[in-house]
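Enquirer: The residues making up each chain are set out below.
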Amino acid sequence: MGNPIIFLLLAIVAIGAAVGMLTSHNAVHSALYLVLNFVTIGVFYITLNAPFIAMVQITVYAGAIMVLFLFVIMLLGAEQLRGVTDVKGGERVHRAVAGLLAAVLLLASALLLFQSDAPEIAAAAIDTSPTALGLRLFAGYVFPFEVTGVLLLAAMIGVFVFSKTKKRGQDA
Amino acid sequence: MTFGQIALWGLVVGFVMSMVIITGFAYTTLLERKVLARMQARVGPNRAGYIPLPGRGGQEKKLLAGFLQPAADAVKLFFKEDPTPGKADKVVYNIAPMLAVIPAILILAVIPWAGKIPGLVPEQYSYFAIVPGLNVAVLFVLAVTSISVYGVVLAGWASNSKYAVLGGIRASAQMISYELAMSLSVLVPVMIANSMDLGVIVEAQRGGWIVFLQPVAAVIFCIAALAELQRAPFDLLEAEQELSAGFNVEYAGMRFGMFFMAEYMKMVSLSAIAATLFFGGYRGPFVDQVPVLGFVYLFVKIFIGLFLMIWIRATFPRLRYDQLMLFGWKRLLPISVINFMIVAVFIVLAQEGVFAPITRLFGF
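Line order of the protein sequences matches chains A and B. Each residue of the first sequence is one higher than the one before, counting from 14 in the working numbering. Each residue of the second sequence is one higher than the one before, counting from 10 in the working numbering.
The reader is advised that the hints may include incorrect statements.
Unchecked claim - Non-contacting residues of chain A with respect to chain B, defined by C-beta distances greater than 10 Å in every case (computed):
{"id": "1", "residue": "Leu22"}
{"id": "2", "residue": "Ala24"}
{"id": "3", "residue": "Met34"}
{"id": "4", "residue": "Thr36"}
{"id": "5", "residue": "Thr53"}
{"id": "6", "residue": "Arg108"}
{"id": "7", "residue": "Ser176"}
Said to hold, decoys possible - Computed, partial: chain B to chain A, Cβ under 7 Å:
{"id": "8", "residue": "Val145"}
{"id": "9", "residue": "Leu148"}
{"id": "10", "residue": "Phe149"}
{"id": "11", "residue": "Leu151"}
{"id": "12", "residue": "Ala152"}
{"id": "13", "residue": "Ser155"}
{"id": "14", "residue": "Ile156"}
{"id": "15", "residue": "Val158"}
{"id": "16", "residue": "Val162"}
{"id": "17", "residue": "Trp166"}
{"id": "18", "residue": "Ile178"}
{"id": "19", "residue": "Ser181"}
{"id": "20", "residue": "Ile185"}
Just so you know, these hints were derived from the structure itself, not from any lab. Just so we're clear, the structure is a prediction, and the values are computed from it rather than from any experiment. Where is the CB? At the ideal position from N, CA and C, for every residue including glycine.
One chain only, chain B, in its complex shape:
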């Protein structure tokens, strides 16, 4: 394939996958509302759309009640009045929602979705992704997550509202604090796989997931990713009791919807990154024989990640601001630095053959 053909292929695949993820985003909102409702002994949205089934006593049972709720929400958001506050910085106020959504979609470019599917993957690449074979993919993820905070910060500042600007300030401080721990935990799979290509990291987990080798790094990554997502228990920037709604208090209509879109799409993409780095990515039983199964395994792992995030939101109370900073700088960062050094020393020792007698003892 020539360069032009590969670029065209990337555009087509990128468009299709973005559409899939946007649908996924809509249903993630429904999943969150339904799961939260069940955990709080409520029913959740159940009016918009259902599949009628005949039940006992002439009453029909309702299957999948509420599955059209995302469509109803979308229609509502599009037709709502969308005012701009008079004292707002108009230009920044308008581009802030876009700056929130674009990084959320960009992360998806490097996620390996499946192994080598004949006919669907260009022959020089070994896995299916929108941009396969990028040898700085891990750094790309870090770069995009680090610029994704601008949407929230600028929305808070441009609204010219005290509550919103407080939310924006909190967002920027939190982002800087947890980025370091996240980067250091991301480097552990890079060192183990000896590559920054996400596809190579997935293939390095052929023998076993990295989470079994390095549970500490996996836990640190999950906590830091939750903080980067600014979800409960780290959702200080939209704390309802203190800031009414934080950074998005002045937004309405679809521009408000775009912040939701960014949050849920980042949930999906960071679940996918966590699955890829620590939980075997698209790998699972029989994936070498039937490469299409890779999509299924990755979707199942993303679903589990989303469910865990919703579960955490339903379980834990919000942190206080000083607790957030203390935990980030005095607990998470030192632990991740020490863990990083231990992994580096162990890898060098293993390369020097220090562990050879032990492994021979167990007959490997």
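Here chain A stands alone, though its shape is the one from the complex:
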């Protein structure tokens, strides 16, 4: 699992960034905190002997997705959040339920993590040569890989459908 001091420092940065993301009132600041969080998680992967996942995490999440987020925020000029003044009774209940569910999820995943043998798996040296990775993905885990591919394809077709119907509506 690597050095406990490094783990603690990284954990503090990651949790701090997550809290900052939730509490800051400016959408661009939130996005930046999220980038910091993603990069820290990338460093976590490095300490867990998984440099490939670390680099992909930084390229895809911190690099591509968050740049897209910033692009949309800046394009819409939507960086200032409206101040929430009055919360209605129904919404208060919704919030309480959502908070409870989040707490249960967090507790469950923490319990699962402490029961599993993740440290042993991470401690084993992993071959990150392209051949080994390819074999692992396309021979060992081909079914989850294909399912993920189908999901992404469905999402992409969904995007096409939505953007098409909108255009037709404007023409009519």
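Given chain A's structure and the hints, the job is docking chain B onto it.
Expert: Leaving out everything else, chain B in the frame of chain A:
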């Protein structure tokens, strides 16, 4: 060597190489101004510093006129007033130049500069780099280039100026569009060398440069790298006629200088990456006998890359925004996907021995 010794060695080498690159950055600006001036039938900066030589008729000839220009520029930038706009987002405005420079320096960590130099390279590694033997080096380069856009985007947003924010928006859109084509072309040398370690990719080019095997991937990489660098003809984010100066319009002094620093250092490092992936890296004649020659060959290749970028800037007009998007998504990306698939199929066929009769025919 223990882990601590290797880490110390990396720190020392990293510091020295960073200093070399910062000097290189200063002289890249001079190179650009001089070459552009010559191509436009001007003289360029020629006042700051020269070596006097006796000439005919009592007039002295001036050798290397202007070679102290970078020093003069640096002094000017450091002593200029450096204001922050009143409505700017102070924190983001101040960290944006740093976020631009840091990735530009980080890319240099994985570039192999020379082969195994006895006494200078730890014995378990086969080449000289700041971080040698990193088996995800190619992905590291992609990761760092993908986060290098933040400096520009945040500078544009934090300045709280319409021109600057337009420059930032353009930068982020352009970056996402050309990153895909660049990643797909980078994967071609990875497949040919069967490794993501840049040193192994260089050694795989012992028999011949990958550019001869795969000119399409090399050309796509060079175009996409130019777009990632946001240099002419892809410099829409600082188009003077439309955005006055784009993302850096509110910056002055050394913080403005840091954006320049980032641009020129990224020029150097992406030239080095292009040379490493497609043009044999540090390899050249007699490099096995005299490993120190590796530095010379790589510097020559970087210089050629820089010269080509300046040449392109002097030659081509800027693209229009719709042309930029059309070229990126409808031309460059499909070509790189098809090329990638062709390379993959050919490599499998070659491993299955389909080409064996043909190669036997030519007596290989």
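Enquirer: If a hint holds in the structure, say so; if it doesn't, say that too.
Expert: Comparing the hints with the structure gives:
Separation of Leu22(A) from chain B is adequate, the least Cβ-Cβ distance of about 17 Å exceeding the 10 Å criterion. At roughly 22 Å, the least C-beta separation between Ala24(A) and chain B is larger than 10 Å, which holds for a residue marked as non-interface. Interface exclusion of Met34(A) from chain B stands, the closest Cβ pair being 15 Å apart, more than 10 Å. No Cβ of chain B approaches the Cβ of Thr36(A) within 10 Å, the least distance being about 15 Å, so the stated non-interface status holds.
Annotated as non-interface, Thr53(A) keeps its C-beta farther than 10 Å from every C-beta of chain B; the closest such distance is 13 Å. Residue placement check: Arg108(A) keeps its beta carbon more than 10 Å from all beta carbons of chain B (closest about 30 Å). Non-interface call for Ser176(A) relative to chain B: holds, since the shortest CB-CB distance, roughly 15 Å, exceeds 10 Å. Interface restraint check for Val145(B): the shortest CB-CB distance to chain A comes to about 5 Å, inside 7 Å, so the restraint holds.
Annotation: interface hint on Leu148(B) holds; nearest CB of chain A at approximately 4 Å, less than 7 Å. At about 6 Å, the closest approach between the beta carbon of Phe149(B) and any beta carbon in chain A falls short of 7 Å, and the interface hint on this residue holds. The restraint placing Leu151(B) at the interface with chain A holds, with a minimum CB-CB distance near 5 Å, inside the 7 Å limit. Here the hint on Ala152(B) is kept, as its CB sits about 4 Å from the closest CB of chain A, short of 7 Å.
Interface restraint check for Ser155(B): the shortest CB-CB distance to chain A comes to about 3 Å, inside 7 Å, so the restraint holds. Given the 7 Å rule on beta carbons, the hint for Ile156(B) holds: about 5 Å separates it from the nearest Cβ of chain A. At a threshold of 7 Å, the smallest CB-CB gap from Val158(B) to chain A is about 6 Å, leaving the interface hint in force. A hinted interface residue such as Val162(B) counts as satisfied when its beta carbon comes closer than 7 Å to some beta carbon of chain A; here the least separation is about 6 Å, so the hint holds.
For Trp166(B), the interface hint holds, since its Cβ comes within 7 Å of a Cβ in chain A; the closest pair sits about 6 Å apart. Among the interface hints, the one on Ile178(B) holds; its C-beta lies about 5 Å from the nearest C-beta in chain A, closer than the 7 Å criterion. For the restraint placing Ser181(B) at the interface with chain A, the shortest Cβ-Cβ distance is roughly 4 Å, inside the 7 Å limit, so the hint holds. Satisfaction of the interface hint for Ile185(B) is found here, the shortest Cβ-Cβ separation to chain A being roughly 6 Å, below the 7 Å cut-off.
The earlier numbered hints are all upheld by this structure, with none contradicted.
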